[in-house]
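Fit chain H to the given chain F structure using the hints.
Chains as they are written, first to last, in our numbering: chain F, 1017 to 1589; chain H, -1 to 117.
By construction, these hints were calculated from the structure, which means they are not laboratory data. For glycine and all other residues, C-beta sits at the position ideal for the given N, C-alpha and C. Any given hint could be a false lead.
Stated by the list, open to error - Quick list of in silico lysine to any residue cross-link-like pairs, SDA-like style, CA-CA up to 20 Å:
id, chain 1, residue 1, chain 2, residue 2
1, F, LYS1261, H, HIS55
2, F, LYS1105, F, ARG1089
3, F, LYS1204, F, LEU1232
4, F, LYS1261, H, HIS46
What the hints assert, rightly or not - Here are the in silico distance ranges between beta carbons for each label pair:
id, chain 1, residue 1, chain 2, residue 2, range
5, F, GLU1207, H, ARG21, 52 to 60 Å
6, H, SER25, F, ALA1267, 27 to 35 Å
7, H, SER25, F, ALA1251, 49 to 57 Å
8, F, GLU1407, H, THR87, 50 to 58 Å
9, H, THR87, F, ALA1251, 28 to 36 Å
10, F, MET1272, H, THR87, 28 to 36 Å
11, F, ALA1267, H, ARG115, 53 to 61 Å
12, F, GLU1279, H, THR87, 41 to 49 Å
13, H, ASP24, F, ASP1283, 29 to 37 Å
14, H, ARG21, F, GLY1448, 32 to 40 Å
Unchecked claim - So, partial list: chain F residues that the calculated Cβ filter (under 10 Å) puts toward chain H:
id, residue
15, ARG1270
16, ARG1275
17, ALA1351
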Amino acid sequence: MSVSAPPTPPRTQKASRSTPAVPAIVLPAAAAGAAAAWAAAPEAARGWTATLAMTAWVCVAVTVVLASHLVGRARRTAAGRRTETGALKARLAQENAALVHLVNVALPAVAQQVRDGTSADEAVANTAGGSGPHLRQVLQSCAGLMEDAVRRAADAEAGHREALRETRRNTAELEHLTGSTLPATVLKLREGTSAEIALAELDWPRGPQARACAELFVRELAHSERRTAAAESAAAKSLSRVQAKAVSMLADLREMQDRHGEEFLGDLLRLDHSTSQLGLITDRLALLMGGRSSRAWNRPIVMESILRGAVGRIAAYQRVRMHCATGAAISGYAAEGVMHLLAELMDNAANFSPPIDEVHVYVEERTAGIVVTIEDSGLKMADAAMRHAEEAVSGRTTDLASLQGTRLGLAVVGRLAAKYGVGVSYRPSSRGGTGVVVLVPPQLLAQQRDTGPAPAGRTFGGAVPVPGPAPAAEAPALARRVPDVRPPAPPPEPTEPVVRPRRASATAGGLPVRSPGRTMADAERERGDQPRQSADPAATASRDAGSSFGAFHRGRRSGANGGAPAAGPPGPG
Amino acid sequence: MTRRPVDTGAPDRLYTVTGGRSRADDSFDLVTLVVAECEPSPGMQSEHVRILELCRHPTAVVEIAAELALPITVIRILLGDLLATGTITARHPRLAQSAAASHPDTALLQEVLHGLRNL
Chain F
1017 MSVSAPPTPP RTQKASRSTP AVPAIVLPAA AAGAAAAWAA APEAARGWTA
1067 TLAMTAWVCV AVTVVLASHL VGRARRTAAG RRTETGALKA RLAQENAALV
1117 HLVNVALPAV AQQVRDGTSA DEAVANTAGG SGPHLRQVLQ SCAGLMEDAV
1167 RRAADAEAGH REALRETRRN TAELEHLTGS TLPATVLKLR EGTSAEIALA
1217 ELDWPRGPQA RACAELFVRE LAHSERRTAA AESAAAKSLS RVQAKAVSML
1267 ADLREMQDRH GEEFLGDLLR LDHSTSQLGL ITDRLALLMG GRSSRAWNRP
1317 IVMESILRGA VGRIAAYQRV RMHCATGAAI SGYAAEGVMH LLAELMDNAA
1367 NFSPPIDEVH VYVEERTAGI VVTIEDSGLK MADAAMRHAE EAVSGRTTDL
1417 ASLQGTRLGL AVVGRLAAKY GVGVSYRPSS RGGTGVVVLV PPQLLAQQRD
1467 TGPAPAGRTF GGAVPVPGPA PAAEAPALAR RVPDVRPPAP PPEPTEPVVR
1517 PRRASATAGG LPVRSPGRTM ADAERERGDQ PRQSADPAAT ASRDAGSSFG
1567 AFHRGRRSGA NGGAPAAGPP GPG
Chain H
-1 MTRRPVDTGA PDRLYTVTGG RSRADDSFDL VTLVVAECEP SPGMQSEHVR
49 ILELCRHPTA VVEIAAELAL PITVIRILLG DLLATGTITA RHPRLAQSAA
99 ASHPDTALLQ EVLHGLRNL
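The shape of chain F in the complex, shown without the other chains (with noise of 0.2 Å):
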């Protein structure tokens, strides 16, 4: 904005000039109105007029030149005025062009400056102008205070920045903390580290409530983990103590079966019945407890003794039909969980199951191990209900907090699945129930060529040579131990059995069985030898007199107690 200069008034030098011609004009008039006055008086008249009109006109004189005097210096004083107005406007436009230029670019430049860093008396010294005092000092505390606030939003920044670094680094260390740092201690302490161990391997957050909260949080759960691990230790020393006795009792009892007659039998088997469900629940806890089962096996055992050794434990085992076609073994170490295995999930499907139904056990052989299917007819499982017994005989979960009620039978079941292997999947059952698949891999199995002979010790033929035809001896004997092939009577099982080479050579219906390999005329003439060679009198005498003696005795003696007569008055039949 810039301020123009006043305009000169042109009028001010043209009245100064008419001002002296006034009385120059006014006083030759009022001279000849007097000298007319004084000649057109009468003469008498004349020395009073001509008095009279000279006064007048000095009168006239001094009036109009004191009136022109004052004029001319009201003019004067009026033309100065004008003046000094004229120099004031001029310095105001002056002033107010500083003042411009002050708020226009003085004041920006300086901010400016400031900003950038400089001090405000440098700054106020490097900009130009800034004309008056006063403007300076202006510009002088606008700086100061500019540079004050700079300063303080510098200060702020940086106050800002710092928070903002401590947020991140704060919240990177409790990203830390929780994510690797708590949980690798949580493992440890799991694992059964103690808490001082733990927390001197603790990479501590910087921060104290971190390190308050991390402290805290790994004693408790160390007291904890000690409480829990200490209670699971007692429970499985007592248990220890229970099932030993419990194992015992069964041996006992056996003992009194075999000392005691008919008349007591009944009241030891209900006994014996009672005392292994006794062993099931007391295993079934020390295994939750991280404890041992009550029993090893040091031997491989048929699967048809694990199957009895599983449903002897359950309450309802008359309830459970047994269909077992193989011969094969398990091994010693993991029999008893896989009977512990089959007697729980055997125990699950006769309780939920209506109590007149049977429940149906099928083994069959398969290449990818022994497959133990364990069908009821009960109600078929909720959709929820079956998701919840897979997850929970999967074996993922180990946790006791999972456990539910009394309901911990699966819980087991996922254990020694996931101990030895086994797998165990739930299907709807054909007949109407739930199936439970139970599939045993085939390194769980005793080599079964191994477990033949091993029991043949004291069978009677063990000492003869099997009568038959040289090829086929192998077989039949094989065969006589161990029941191989299903009956011919087509068992309610709904995939085919699988059909072994060594078989029988007649089914019971009497019809020959021709195995792999062999011709029919084969399998014929070996039907026909067997009566035969039986009936021989040669083989007769080539039994072992003094083995069949002792067996005699042996009998005579654990019978002796026994209910039957020894050799009393001849019996019926």
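Here is chain H on its own, set in the frame of chain F:
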């Protein structure tokens, strides 16, 4: 926890062998001779199979009990099952003797005597 001694017994309890029965009928006494009438068929209970194997020639009940290491009552229950299905026949030794008169030969009797002296 120390490892317990391993079990050497059999896992099958007797009530699972007999299916819960504890009473036998009176068809058999200790010396009844049992003869198998046919070969064991597949799918049979293992005790039945062993009895049928043992009884290819006439065998006394008490012998079977000793061989199978089972109480006499249990053996009688099992034999009752087999008798019911017709896979064995039972006869008393006196009847057998009167019918067949198959006296043991001198060598066997001497061996028995020898055995008795050694007891």
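Exercise. Holds or violated: 29 to 37 Å for the Cβ distance of ASP24 (chain H) and ASP1283 (chain F)?
Worked result: violated, 20 Å
Exercise. At the C-beta level, are GLU1207 (chain F) and ARG21 (chain H) separated by a distance inside 52 to 60 Å?
Worked result: This hint holds: roughly 56 Å between Cβ atoms.
Problem set entry | Outcome of range test on Cβ distance (GLU1279 (chain F), THR87 (chain H); 41 to 49 Å) | Hint violated: Cβ distance 28 Å, outside 41 to 49 Å.
Problem set entry | Range hint compliance [Cβ, ALA1267 (chain F) to ARG115 (chain H), 53 to 61 Å] | violated, 35 Å
Exercise. So the hint says 32 to 40 Å: do the beta-carbon atoms of ARG21 (chain H) and GLY1448 (chain F) match that?
Worked result: Once the Cβ atoms are compared, 34 Å apart, the range 32 to 40 Å for GLY1448 (chain F) and ARG21 (chain H) holds.
Problem set entry | Given hint ALA1351 (chain F) near chain H, where the shortest CB pair must fall under 10 Å | At 7 Å from the nearest chain H Cβ, ALA1351 (chain F) passes the 10 Å test, so the hint holds.
Problem set entry | SER25 (chain H) versus ALA1251 (chain F) beta-carbon gap, inside 49 to 57 Å or not | holds, 51 Å
For this session: Confirm or reject the claim that GLU1407 (chain F) and THR87 (chain H) have a C-beta distance inside 50 to 58 Å.
Result: At roughly 56 Å between Cβ atoms, THR87 (chain H) and GLU1407 (chain F) fall inside 50 to 58 Å, so the hint holds.
For this session: Given the hint that LYS1261 (chain F) pairs with HIS46 (chain H), test it: the Cα-Cα distance must not exceed 20 Å.
Result: violated, 32 Å
Problem set entry | Given hint ARG1275 (chain F) near chain H, where the shortest CB pair must fall under 10 Å | holds, 9 Å
Exercise. Is LYS1204 (chain F) within 20 Å of LEU1232 (chain F), Cα to Cα?
Worked result: Holds. LYS1204 (chain F) to LEU1232 (chain F) sits at ~16 Å (cutoff 20 Å).
Problem set entry | 20 Å limit on alpha-carbon distance, applied to hinted pair LYS1261 (chain F) and HIS55 (chain H) | Measuring from Cα to Cα gives roughly 43 Å; hence the hint is violated.
Hint violations for this structure: numbers 1, 2, 4, 9, 11, 12, 13, all remaining hints satisfied.
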